[in-house]
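From first to last, the protein sequence lines are chains A and B.
Reminder that position 33 of the first sequence reads as 20 in this note's numbering, one-by-one numbering, no gaps.
Each number in this note's numbering comes from the position in the second sequence (counting from 1) with 14 added on.
Some clues are possibly wrong.
Simulated pairs of lysine-lysine, BS3-like, Cα-Cα distance not exceeding 30 Å [unchecked claim]:
(1) B/Lys99 with A/Lys92
(2) B/Lys99 with B/Lys117
(3) A/Lys54 with B/Lys19
(4) A/Lys(-11) with A/Lys16
(5) B/Lys111 with B/Lys24
(6) B/Lys111 with B/Lys19
(7) A/Lys82 with B/Lys60
(8) B/Lys119 with A/Lys72
(9) B/Lys60 with A/Lys16
(10) B/Lys95 with A/Lys92
(11) A/Lys(-11) with B/Lys60
(12) A/Lys16 with B/Lys24
Take a look, some chain A residues computed to stay more than 12 Å from chain B by CB distance [as the list claims (entries may be wrong)]:
(13) Arg(-6)
(14) Cys2
(15) Trp48
(16) Ala52
(17) Thr60
(18) Arg89
Computed spacing ranges between beta-carbons, pair by pair [stated by the list, open to error]:
(19) B/Asn43 with A/Ser(-1): 18 to 24 Å
(20) B/Lys84 with A/Val(-10): 36 to 42 Å
(21) A/Ile56 with B/Gly36: 25 to 31 Å
(22) A/Gly40 with B/Lys111: 40 to 46 Å
(23) B/Ala108 with A/Arg28: 34 to 40 Å
(24) A/Ser(-1) with B/Arg110: 42 to 48 Å
(25) A/Glu10 with B/Lys84: 47 to 53 Å
(26) A/Glu68 with B/Asp101: 24 to 30 Å
(27) B/Arg85 with A/Thr(-2): 23 to 29 Å
(28) B/Asp101 with A/Ser88: 40 to 46 Å
(29) A/Glu68 with B/Gln88: 44 to 50 Å
(30) A/Arg79 with B/Thr55: 42 to 48 Å
(31) B/Lys24 with A/Ser58: 19 to 25 Å
Since the hints were derived computationally from the structure, they do not count as laboratory data.
Source: prediction; values computed, not measured.
Glycine included, every Cβ here is placed at the ideal spot set by N, Cα and C.
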Amino acid sequence: MKVKRYRRFMTSEDCVDVTLYLEHNTIFKFALNYRAYMDGRWVEVFRVDNFHGYLHEQRFWISPAPKRIESFTPLNIIVEEYLRKILLEFGRYRKYIQDESRQGKDDQE
Amino acid sequence: MRADKEKMIKNEIALLRGIVNGTIDIPDNAVVISDPEHYRTLMTPKRLELIRIIQRRHPKSVNELSRLSKRLKQAVTRDLKALEKYDIVSLTKAGRKVIPKVKRKVILFSLHLGVTQGLEGHPSSSLPEPA
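Excised from the complex, chain B in its bound form (with noise of 0.2 Å):
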């Protein structure tokens, strides 16, 4: 427990720093995971599809954008709203409508992996396993 809380500290002032010296770049806003187990369970592979579909056709609802993806509304909903718990999506009520918008951008950054990752491109099924 005490190693992981040092992992973190570590991680996230090697994070810091390199912002501050300009050697990382992430975008503004961005949500920032280190964690990879809990950037797969958020970032499941069908909730960056609902992201992407957002980003790409611009729903107009919640419906919309249960048909777009070929899911339940339900099951659609429950995504949407553990997406914006964690500010990655929005959800404006428009009269009877939800119109869900992305805000941010989910970036996973681990010191053991170098590397920050972008949402596109990156679904969670294909990040290293930590050591």
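With the rest of the complex left out, here is chain A (with noise of 0.2 Å):
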């Protein structure tokens, strides 16, 4: 068994974590955190791993509550597909956040 884990910079502000366990060039165990740097620290915004023996994605603008996942698909497959889909839409996550964050802060004034 292999472990693999390095941060990805999209940009100075946006990153993704990958950590990925691997055993003959397959994917067993992964995982793609999101993160994006705002108000001075890196704040998750999504996230998509197998870590507890289901696929689930946490979109934490909405709840950092699991939702489970069902596919098929092999691991190698998904964990490309999500990878691509935060690559493309980074940017509208990191929007979701900060109206999320904005909103918080007008309702506690």
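Each of the two chains sits in its own frame; use the hints to bring them together as a complex.
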């Protein structure tokens, strides 16, 4: 078993943390975590992983609660597809979390 | 813009596939940047020098690092903060001192360049120009 972790920067304020557990060139466990730099810190925005034995997504602008994903697609393909999705959509996700954070501040006031 | 994004995605998928099938080996916990311009902006020769000094001399404070690098403390602090933001160095408080440590290696990966380049021996100024 091999573990590979890396942090990939799309911009200076957007990055995705990739964690892969590999065996015989096959992913059997993974996590993709998109983070955005906001107000001087890295904030979790979107995460997909199968760390608790099932595939799930977390959209932090909605809730940190995991949403189960049903899929029979091989993990190598799922990881590629999710990575592609994050790279395409991270600007939109950042906007959602910024709006949510602004909303939270307004509600406090 | 669209072409840039497609290039970035192509690059990223190539890196992922390379890692999975074992044709690309990167250090664990590396920071990966695929835009040479972004790499150059972040890893300036002076910042690379700071990283080398931290790795080789293990300074116990920013003052010591400033002395070893023969640079002003303010300038060193500014560069350390930038590297800390990228999680390349950590700054640990020990009493009144701040100890800098290197956390992650920085890799430039580009499908166009076809290589991964580690930090050691690759000053940003020597990187090839993108096509």
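Hint check results:
{"no.": "1", "hint": "B/Lys99 with A/Lys92", "result": "24 Å, holds"}
{"no.": "2", "hint": "B/Lys99 with B/Lys117", "result": "12 Å, holds"}
{"no.": "3", "hint": "A/Lys54 with B/Lys19", "result": "28 Å, holds"}
{"no.": "4", "hint": "A/Lys(-11) with A/Lys16", "result": "11 Å, holds"}
{"no.": "5", "hint": "B/Lys111 with B/Lys24", "result": "44 Å, violated"}
{"no.": "6", "hint": "B/Lys111 with B/Lys19", "result": "43 Å, violated"}
{"no.": "7", "hint": "A/Lys82 with B/Lys60", "result": "34 Å, violated"}
{"no.": "8", "hint": "B/Lys119 with A/Lys72", "result": "26 Å, holds"}
{"no.": "9", "hint": "B/Lys60 with A/Lys16", "result": "39 Å, violated"}
{"no.": "10", "hint": "B/Lys95 with A/Lys92", "result": "27 Å, holds"}
{"no.": "11", "hint": "A/Lys(-11) with B/Lys60", "result": "35 Å, violated"}
{"no.": "12", "hint": "A/Lys16 with B/Lys24", "result": "23 Å, holds"}
{"no.": "13", "hint": "Arg(-6)", "result": "5 Å, violated"}
{"no.": "14", "hint": "Cys2", "result": "8 Å, violated"}
{"no.": "15", "hint": "Trp48", "result": "22 Å, holds"}
{"no.": "16", "hint": "Ala52", "result": "27 Å, holds"}
{"no.": "17", "hint": "Thr60", "result": "15 Å, holds"}
{"no.": "18", "hint": "Arg89", "result": "22 Å, holds"}
{"no.": "19", "hint": "B/Asn43 with A/Ser(-1): 18 to 24 Å", "result": "19 Å, holds"}
{"no.": "20", "hint": "B/Lys84 with A/Val(-10): 36 to 42 Å", "result": "40 Å, holds"}
{"no.": "21", "hint": "A/Ile56 with B/Gly36: 25 to 31 Å", "result": "27 Å, holds"}
{"no.": "22", "hint": "A/Gly40 with B/Lys111: 40 to 46 Å", "result": "44 Å, holds"}
{"no.": "23", "hint": "B/Ala108 with A/Arg28: 34 to 40 Å", "result": "22 Å, violated"}
{"no.": "24", "hint": "A/Ser(-1) with B/Arg110: 42 to 48 Å", "result": "30 Å, violated"}
{"no.": "25", "hint": "A/Glu10 with B/Lys84: 47 to 53 Å", "result": "49 Å, holds"}
{"no.": "26", "hint": "A/Glu68 with B/Asp101: 24 to 30 Å", "result": "26 Å, holds"}
{"no.": "27", "hint": "B/Arg85 with A/Thr(-2): 23 to 29 Å", "result": "28 Å, holds"}
{"no.": "28", "hint": "B/Asp101 with A/Ser88: 40 to 46 Å", "result": "22 Å, violated"}
{"no.": "29", "hint": "A/Glu68 with B/Gln88: 44 to 50 Å", "result": "46 Å, holds"}
{"no.": "30", "hint": "A/Arg79 with B/Thr55: 42 to 48 Å", "result": "25 Å, violated"}
{"no.": "31", "hint": "B/Lys24 with A/Ser58: 19 to 25 Å", "result": "24 Å, holds"}
Violated hints, in rising order: 5, 6, 7, 9, 11, 13, 14, 23, 24, 28, 30; the structure is consistent with all others.
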